[in-house]
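Undergrad: Once you have looked at the hints, place chain B on chain A.
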Amino acid sequence: GENVEQHPSTLSVQEGDSAVIKCTYSDSASNYFPWYKQELGKRPQLIIDIRSNVGEKKDQRIAVTLNKTAKHFSLHITETQPEDSAVYFCAASSPGTYKYIFGTGTRLKVLA
Amino acid sequence: DVKVTQSSRYLVKRTGEKVFLECVQDMDHENMFWYRQDPGLGLRLIYFSYDVKMKEKGDIPEGYSVSREKKERFSLILESASTNQTSMYLCASSLLFAGLRSSYNEQFFGPGTRLTVL
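From first to last, the protein sequence lines stand for chains A and B.
Under our numbering, the first residue of the first sequence carries the number 1, and numbering increases by one thereafter.
Under our numbering, the first residue of the second sequence carries the number 1, and numbering increases by one thereafter.
The hints are simulated quantities; they were obtained by calculation from the structure and are not laboratory data.
Hints may contain errors.
[As the list claims (entries may be wrong)] The list that follows gives simulated cross-link-like pairs (lysine-lysine, DSSO-like), each with its CA atoms no further than 27 Å apart:
no.: 1; chain 1: A; residue 1: 42; chain 2: A; residue 2: 109
no.: 2; chain 1: A; residue 1: 71; chain 2: A; residue 2: 37
no.: 3; chain 1: B; residue 1: 53; chain 2: B; residue 2: 70
no.: 4; chain 1: A; residue 1: 22; chain 2: A; residue 2: 71
no.: 5; chain 1: B; residue 1: 3; chain 2: A; residue 2: 37
no.: 6; chain 1: B; residue 1: 57; chain 2: A; residue 2: 37
no.: 7; chain 1: A; residue 1: 37; chain 2: A; residue 2: 109
no.: 8; chain 1: B; residue 1: 71; chain 2: A; residue 2: 42
no.: 9; chain 1: B; residue 1: 57; chain 2: B; residue 2: 13
no.: 10; chain 1: B; residue 1: 13; chain 2: A; residue 2: 42
no.: 11; chain 1: B; residue 1: 55; chain 2: B; residue 2: 70
no.: 12; chain 1: B; residue 1: 55; chain 2: B; residue 2: 18
no.: 13; chain 1: A; residue 1: 58; chain 2: A; residue 2: 22
no.: 14; chain 1: B; residue 1: 57; chain 2: A; residue 2: 71
no.: 15; chain 1: A; residue 1: 68; chain 2: A; residue 2: 57
no.: 16; chain 1: A; residue 1: 22; chain 2: A; residue 2: 42
no.: 17; chain 1: B; residue 1: 71; chain 2: B; residue 2: 3
no.: 18; chain 1: B; residue 1: 3; chain 2: A; residue 2: 42
[Claimed, not checked] With the Cβ distance kept under 10 Å, some of the chain B side facing chain A (calculated, not the full set):
no.: 19; residue: 31
no.: 20; residue: 33
no.: 21; residue: 35
no.: 22; residue: 40
no.: 23; residue: 43
no.: 24; residue: 45
no.: 25; residue: 50
no.: 26; residue: 92
no.: 27; residue: 96
no.: 28; residue: 105
no.: 29; residue: 107
no.: 30; residue: 108
no.: 31; residue: 110
no.: 32; residue: 112
[Said to hold, decoys possible] If you anchor each label on the Cβ, the simulated ranges turn out as follows:
no.: 33; chain 1: B; residue 1: 53; chain 2: A; residue 2: 68; range: 33 to 43 Å
no.: 34; chain 1: A; residue 1: 78; chain 2: B; residue 2: 65; range: 40 to 50 Å
no.: 35; chain 1: A; residue 1: 29; chain 2: B; residue 2: 67; range: 28 to 38 Å
Glycine included, C-beta positions come from ideal geometry on N, C-alpha and C.
Isolated chain A, as found in the complex (with noise of 0.2 Å):
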C-alpha cells in the first residue's frame, strides 16, 4: 500500500544550526505535501505545505523542497531555537482523496 518514509527518527542540533528532516512517498499520484509540528502534550499543528506543482516554499525560517522524480520531499529549518524542539510529521495526500498518509515523525531537540 502508500506509504511515507521519514528519517531521522530523532535529531539534536545545536541552536542556530540548521536541521534538515527527509521523506519519501510511494504513490506516484501525491500531489500535497503538509508538515504538522507536535509539541510535547499538545495537538499537531500544520506549519508549512506544498503542492506537486511547486519545487520549493519558504515561510520566515522554515522551508519545504520537493523533488517529484525522486518521490521525496525535505523540510528544512535554519536558525533554530529552542522553541523548535517538537515531533514534525510529514504526509503525502493523493488527488480525489481526503486521506494523508503520515511518515513515522521524528523528534527534534534543539539544544541551547
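TA: Showing chain B alone in chain A's frame:
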C-alpha cells in the same frame, strides 16, 4: 478559529469494556478522521467519514467502529477494549473542498485522548 474537541483527555478502562470516544468540531467540516498515535509508528488512520452516516476504513480498523449521526460529531467505538488498544487517540477534521479558503485540505486536530486499557 477552528476548534476540534474531544470528550476526555485521559481515560482508563478495563479489558472487555465498551469504550466511546467523542469528537466535536465547530467549523462545519465535512471530513472527520480518527487516528491512533504510538511511539515510532506515527499517526495511523483508523476510520474516516466524509459525510453524515458515511464512513470508510483506514489502515487499522480492526477492533474499532465509528458513528457519525451529526455533521459536527464523530465517535470512535471500541466494542471490547483490549490492552493493545492502549494508545493516544487523535481526532481531526477538514473541509471537503478547501479551494482558496485555506491550505489545501488542512486537517485540524483535537487535543487527543490518552486511553489506557488495563
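Undergrad: Give a verdict on every hint.
TA: A quick look at each hint next to the structure:
1. Restraint check: the Cα-Cα separation between residue 42 of chain A and residue 109 of chain A comes to about 16 Å, which is no more than 27 Å; the hinted pair holds.
2. For the suggested pair residue 71 of chain A and residue 37 of chain A, the alpha carbons sit about 22 Å apart, so the restraint of at most 27 Å is met.
3. For the given pair, residue 53 of chain B sits about 8 Å from residue 70 of chain B by alpha-carbon distance, which is consistent with the 27 Å threshold.
4. For the hint pairing residue 22 of chain A with residue 71 of chain A, the CA-to-CA distance comes to about 11 Å; that is within 27 Å, so the pair holds.
5. Of the pairs offered as hints, the one joining residue 3 of chain B and residue 37 of chain A holds, with about 17 Å between alpha carbons and a cut-off of 27 Å not exceeded.
6. Proximity of residue 57 of chain B to residue 37 of chain A is assessed by CA-CA distance (about 26 Å); at most 27 Å being required, the pair is judged to hold.
7. Between the alpha carbons of residue 37 of chain A and residue 109 of chain A the distance comes to roughly 13 Å, so the proposed pair stays at or under 27 Å and holds.
8. For a cut-off of 27 Å, the pair hint linking residue 71 of chain B to residue 42 of chain A stands: about 25 Å separates their Cα positions.
9. Restraint check: the Cα-Cα separation between residue 57 of chain B and residue 13 of chain B comes to about 24 Å, which is no more than 27 Å; the hinted pair holds.
10. Distance hint between residue 13 of chain B and residue 42 of chain A is fulfilled; the C-alpha atoms sit about 23 Å from each other, no more than 27 Å.
11. Taking the CA atoms of residue 55 of chain B and residue 70 of chain B, the gap is near 13 Å; set against the 27 Å cutoff, the hint holds.
12. Taken as a hint, the residue 55 of chain B and residue 18 of chain B pair is honoured in the structure, with Cα atoms around 20 Å apart against an allowance of 27 Å.
13. A distance of roughly 16 Å separates the Cα atoms of residue 58 of chain A and residue 22 of chain A; the hinted pair therefore holds under the 27 Å criterion.
14. At roughly 26 Å between alpha-carbon atoms, residue 57 of chain B and residue 71 of chain A fall within 27 Å of each other, so this suggested pair holds.
15. Note on residue 68 of chain A and residue 57 of chain A: the hinted pairing holds, with a Cα-Cα distance of about 14 Å set against a maximum of 27 Å.
16. The straight-line distance between the Cα atoms of residue 22 of chain A and residue 42 of chain A is roughly 23 Å, inside the 27 Å bound, and the hint therefore holds.
17. Of the supplied pair hints, the one linking residue 71 of chain B and residue 3 of chain B holds, its CA atoms being roughly 14 Å apart against a limit of 27 Å.
18. Proposed proximity of residue 3 of chain B and residue 42 of chain A is supported: the alpha carbons are some 14 Å apart, at most 27 Å.
19. A distance limit of 10 Å between C-beta atoms decides the matter here; for residue 31 of chain B the minimum to chain A is near 5 Å, and the interface restraint holds.
20. This hint holds: residue 33 of chain B has a C-beta 8 Å from the nearest C-beta of chain A, less than the 10 Å allowed.
21. With a least beta-carbon distance of about 8 Å to chain A, the hint placing residue 35 of chain B at the interface is held under the 10 Å criterion.
22. Below 10 Å, beta-carbon pairs count as interface contacts, and residue 40 of chain B has one with chain A at about 6 Å; its hint therefore holds.
23. For residue 43 of chain B, the shortest C-beta to C-beta distance to chain A is roughly 4 Å, which falls under 10 Å, so the interface hint holds.
24. The restraint placing residue 45 of chain B at the interface with chain A holds, with a minimum CB-CB distance near 6 Å, inside the 10 Å limit.
25. Taking 10 Å as the C-beta cut-off, the interface hint given for residue 50 of chain B holds, the closest approach to chain A being about 6 Å.
26. For the restraint placing residue 92 of chain B at the interface with chain A, the shortest Cβ-Cβ distance is roughly 8 Å, inside the 10 Å limit, so the hint holds.
27. Nearest Cβ of chain A to the Cβ of residue 96 of chain B: about 7 Å, under the 10 Å cut. The hint holds.
28. Interface restraint check: residue 105 of chain B against chain A, minimum CB-CB distance 6 Å, threshold 10 Å, status holds.
29. Below 10 Å, beta-carbon pairs count as interface contacts, and residue 107 of chain B has one with chain A at about 6 Å; its hint therefore holds.
30. Annotation: residue 108 of chain B was flagged as interfacial toward chain A, and the flag holds, the nearest CB pair being 8 Å apart, inside 10 Å.
31. Residue-level restraint check for residue 110 of chain B holds (minimum Cβ-Cβ distance to chain A is 6 Å; threshold 10 Å).
32. Given hint, residue 112 of chain B at the interface with chain A, holds; its Cβ is 6 Å from that chain's nearest Cβ, closer than 10 Å.
33. Judged by the Cβ atoms, the range 33 to 43 Å given for residue 53 of chain B and residue 68 of chain A holds: they are separated by roughly 37 Å.
34. Separation of residue 78 of chain A from residue 65 of chain B is about 45 Å and conforms to the stated range, judged on CB atoms against 40 to 50 Å.
35. A hinted range of 28 to 38 Å for the beta carbons of residue 29 of chain A and residue 67 of chain B is consistent with their spacing of about 31 Å.
Hint compliance for this structure: every hint is met.
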